[in-house]
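In order, the protein sequence lines correspond to chains Y and E. For what it's worth, our numbering labels the leading residue of the first sequence as 15, then goes sequentially. For what it's worth, our numbering labels the leading residue of the second sequence as 862, then goes sequentially.
The hints are simulated quantities; they were obtained by calculation from the structure and are not laboratory data. Keep in mind that the hints are not guaranteed to be accurate.
[Claimed, not checked] Result set (DSS-like, lysine-lysine): computed pairs, CA atoms no more than 30 Å apart in a straight line:
{"id": "1", "chain 1": "E", "residue 1": "Lys-1030", "chain 2": "Y", "residue 2": "Lys-263"}
{"id": "2", "chain 1": "Y", "residue 1": "Lys-253", "chain 2": "Y", "residue 2": "Lys-121"}
{"id": "3", "chain 1": "Y", "residue 1": "Lys-263", "chain 2": "E", "residue 2": "Lys-1042"}
{"id": "4", "chain 1": "E", "residue 1": "Lys-968", "chain 2": "E", "residue 2": "Lys-979"}
{"id": "5", "chain 1": "E", "residue 1": "Lys-998", "chain 2": "E", "residue 2": "Lys-1027"}
{"id": "6", "chain 1": "E", "residue 1": "Lys-968", "chain 2": "Y", "residue 2": "Lys-121"}
{"id": "7", "chain 1": "E", "residue 1": "Lys-1031", "chain 2": "E", "residue 2": "Lys-979"}
{"id": "8", "chain 1": "E", "residue 1": "Lys-998", "chain 2": "Y", "residue 2": "Lys-121"}
{"id": "9", "chain 1": "E", "residue 1": "Lys-968", "chain 2": "E", "residue 2": "Lys-1027"}
{"id": "10", "chain 1": "E", "residue 1": "Lys-1042", "chain 2": "Y", "residue 2": "Lys-133"}
{"id": "11", "chain 1": "E", "residue 1": "Lys-1031", "chain 2": "Y", "residue 2": "Lys-253"}
{"id": "12", "chain 1": "Y", "residue 1": "Lys-121", "chain 2": "E", "residue 2": "Lys-979"}
{"id": "13", "chain 1": "Y", "residue 1": "Lys-253", "chain 2": "Y", "residue 2": "Lys-133"}
{"id": "14", "chain 1": "E", "residue 1": "Lys-979", "chain 2": "Y", "residue 2": "Lys-253"}
{"id": "15", "chain 1": "E", "residue 1": "Lys-968", "chain 2": "E", "residue 2": "Lys-998"}
{"id": "16", "chain 1": "E", "residue 1": "Lys-987", "chain 2": "Y", "residue 2": "Lys-121"}
Bear in mind that the values here come from a model prediction, so they are computed numbers and not experimental data.
Here's the letter readout for the chains.
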Amino acid sequence: MPSFSGGVAGGGVGGPASAPPRPFRPSRYVPVSAATTFLVGATTLFFCFTCPWLSEYISGVIPIYIAVIFLFTLANFCMATFMDPGIFPRAEEDEDKEDDFRAPLYKTVEIRGIQVRMKWCSTCRFYRPPRCSHCSVCDNCVEDFDHHCPWVNNCIGRRNYRYFFLFLLSLTTHIMDVFGFGLVYVLHHRQQLDTPHAAVTMGVMCIAGLFFVPVAGLTGFHIVLVARGRTTNEQVTGKFRGGVNPFTKGCFRNISHVLCSPQAPRYMGRWWNRQTVEVQPPFLRPTLTEAQLEAKVLDNGIQNDRHSTRSKSSLDQMESQSADTEAPPPPKPDLRYAGLPRADTE
Amino acid sequence: MQIQIESSLPSEVIYELETENTSQIEDFWNCNVFTKLLIKAGLTQPLNKYAPAHSECVSAGKKFPELSYDLQSFHNLQDMLHTASLVTKVFIQRDYSEGTVCRFQTKFPTELDNRIEKALLEQTVKTLNSYYVEAEKVGGQSYLEGCLACATAYIVFLCMETRYEKVLKKISGYIQEQNEKIYAPRGLLLTDPIERGMRV
């Protein structure tokens, strides 16, 4: 008897299709290594050379406060670096039933009254959802793509934007703290600037001062983006320059969406516990209405030709947000073969 | 969301060949048109006057190993038709009218016209949409989860399951239940959207 199973029973190892392994490029790791070295190194030096004096002569709370901010910065940095940004798995073959060359490049969708185009991604083989973009460095389509950050060597997308944003905020705060307290130390040791402690403190202050300007600039830029509900990609490509952004929900809602929304799930590397469901005939059929019964009686049994007459490249057809109807209609055995048992309907 | 439609082939498939020439008829059975007809259900085929012998079916099947039937288990043409099956896939697309929140269209695909009542499918999709709304809700619980994560330097993610994941588990249980109760008896099978990256 034919039976159709939903997959392997028990734990399925099957993960969604992912990109082929990429060649190892050491140059990609230079910025992230530099960033880590500067962050951890400078802070460690600060703790060793400046903090003892600060805790003794100013307040014991200062090193604790700086340590908390530093840990927060580091945690967000790690999350931004290692977390999957929202990579879409490659579409399987059965989803892409049309030939690449015949499928239209764009599919339009209406979002809150505004027409948004979804572009066909030839690598991933699906129409990119709104706000999704393909990262050429990672060779993946990422949901709510913001940008590819070389300093964390990762894409910033839906799942890790919040950590990236908090990383920028906390790093700015940390730089300001280190610079500020270093300045306090130096001002109190004006006569002893040739001691190693003072020299190291001044060195750390220089690094902090050097990085403050670009980091603060980037932080300010992202604060504006969050308030306006835009991604870096949209801002830089000028998508909403003249028009209205359909994705914004108001300043407060945009901010709460970034900071307070639930952690989105990842699509890659999921363990699917597929249960088998036996699908065996006879199959139930819906009861026909009066009109449908009449149509059946009048039908003389000649089936239509199975040639598809849809024009696949017609953009008009793609205008409305209709479901893709690529699959040819399944055969209708009821109309032709009385031999088939008519199952009882519910 | 993907829906697989299982169509069993009818118990009788009849072929009518317009020629009386025996060698042409034999050619017909041995050529690849025969196997394609079987797989494509051959539902428009007319009366069969010359059914092939068992060995002919086997040889035709061997030529096309991608056919999904078991060569050992059939004894005649009818049996072979029983083991072959036709699976088509229908995709229910995302509804982006409200933005990037996860919603699926409740529009009824025409392929399922005579397979399932419209109301049942709509009910399933509406329930799924409500589950997704619950998962993505920005409210007290998600805020507390975020604060807890910050306070523990995100180590809590190693120990605890996030709210979204919990709802996803509920959803997959719901889909499993719907498949068993409603869809499998009608020869349909729903696939959890998360397996396709929630795109479809």
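Checklist entry - Taking each numbered hint in turn, which are not upheld by the structure, reported in ascending numerical order? => result 3, 10, 11 and 14
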